[in-house]
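As you go down the protein sequences, you meet chains A and B in turn. Counting in numbering that gives the first Met the number 0, the first sequence runs from 0 upward without gaps. Counting in numbering that gives the first Met the number 0, the second sequence runs from 0 upward without gaps.
One or more of the hints may lead you astray.
[What the hints assert, rightly or not] Restraint ranges, calculated between C-beta atoms of paired labels, are given here: (1) 38/B with 181/A: 29 to 35 Å; (2) 116/A with 39/B: 21 to 27 Å; (3) 40/B with 83/A: 26 to 32 Å; (4) 35/A with 40/B: 41 to 47 Å; (5) 60/A with 176/B: 39 to 45 Å; (6) 2/A with 40/B: 50 to 56 Å; (7) 144/A with 23/B: 30 to 36 Å; (8) 60/A with 8/B: 27 to 33 Å; (9) 146/A with 174/B: 37 to 43 Å.
Keep in mind that the hints were calculated from the coordinates and are not lab data. C-beta: ideal position from N, C-alpha, C; glycine also.
Listed below are the residues making up each chain.
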Amino acid sequence: MRLLLGLVFAFTVATVVGLGTTWFALTEGTAFGAITIGAWTAWPKTGTAGVDPYARAAIARNGELPIGSGDGVAFFASNDDSGHVLDGRCDVVLSGTTPQARFWTLTLYDREGQLIANSMDRQGFTSQEIVRRSDGTFAITMAPRARTGNWLPTGGVERYVLVLRLYDTPVGVATRASREAPMPSVATEQCP
Amino acid sequence: MTRWLLLLLGGTLLGGIVHLTTMLILPRTATQDAYARLSEVATEVNKMVPVPPATPQRSTIPFTDPAFAVAVCRYDLSAAPIKFTAPVSVAYTSVSFYTRSGVAYYAINDRAAGRRVIELNLMTTQQREDLPEEEDVTAADRLIVESPTAIGLIVLRAFAPEPGMMPMVRNTVAAARCGS
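Sequences are here, hints too, so could you generate the full structure?
The following block contains the structure:
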């Protein structure tokens with residue numbers, strides 16, 4: 000009886016620990032080889048044949064197609080520079096410069112990777128569309144209501160994810176420091 | 000007390016094995032991975048099919064870049080190698096190759112291809128070895144891509160720098176071909 004109880008206990012622990020860590024790894028995104036620059040994180044290795052098993056499992060579960068390393072690299076941000084979660088009811092300003100690339104796009108998604116409906120039917124900007132200052136820098140405002148300049152509507156959702164994709168870029172697996180890849184800053188300006 | 004601690008330790012170790020096993024098996028058992036999702040769009044194999052643009056109501060693949068026109072070819076090399084041709088669109092065009100489980104094993108863009116038309120031959124390692132020597136020489140100006148698996152996906156992406164250019168880019172993408 001004691002042996003049986005012990006085995007049941009051990010197997011319960013095994014199930015909880017095993018499936019718990021798997022679930023955690025899949026929902027939290029624990030892929031290796033991440034590059035973090037400010038609020039932005041990219042996993043350039045996920046777009047190569049050398050993708051690690053954790054990234055493979057996460058991709059299979061989400062149904063994503065990772066961007067190939069010969070194509071470009073995608074940087075994700077779900078927080079601003081000071082670590083606050085990106086809130087669609089606030090005004091968030093993205094400003095500065097982007098790393099060297101032939102083109103880039105900035106897109107706003109919900110946490111499941113779906114686009115967010117809004118009256119403007121605008122879900123992102125490309126490097127060709129934005130209005131720049133005379134020195135080449137730019138600012139994009141994510142806000143629920145119309146703003147001057149480059150306005151990206153959030154649709155007022157509670158949480159969202161920004162994805163900055165660089166196409167035909169030297170940024171990749173070998174990139175380490177922010178000096179090589181100057182990413183724009185993300186700052187929450189005001190919240191209701 | 001020691002007995003329970005040992006059982007706890009054993010259970011944790013076994014849990015580690017359970018974790019690693021589930022992580023490795025998961026890609027093979029996923030029913031909603033990219034290949035399965037795109038199979039609903041591309042019902043025929045070895046045929047180029049445009050992927051409907053991502054909208055807030057519906058997007059075939061999560062985290063799709065809406066500035067791109069996308070077409071996909073679900074390939075099966077078990078019978079013969081396939082040829083892929085795609086005209087280069089105005090701004091930026093890329094071709095990415097994925098295995099059945101969504102591993103991006105190769106990607107090339109229009110600048111790396113260096114022509115107005117991207118032309119590729121896709122074959123398995125075995126089929127490449129079976130190529131006659133002299134044919135390899137005449138085919139030198141065609142790019143040969145080796146697929147690690149017999150089935151997978153070719154994804155053609157063409158960039159529309161402004162939304163107004165999207166119809167034109169879609170037309171270019173529609174001219175891409177994939178087949179034996």
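Checked hints:
no.	hint	result
1	38/B with 181/A: 29 to 35 Å	violated, 41 Å
2	116/A with 39/B: 21 to 27 Å	holds, 23 Å
3	40/B with 83/A: 26 to 32 Å	violated, 38 Å
4	35/A with 40/B: 41 to 47 Å	violated, 34 Å
5	60/A with 176/B: 39 to 45 Å	violated, 33 Å
6	2/A with 40/B: 50 to 56 Å	holds, 55 Å
7	144/A with 23/B: 30 to 36 Å	violated, 48 Å
8	60/A with 8/B: 27 to 33 Å	holds, 30 Å
9	146/A with 174/B: 37 to 43 Å	holds, 40 Å
Violation of the numbered hints given earlier is confined to hints 1, 3, 4, 5, 7; the remaining hints are satisfied by the structure.
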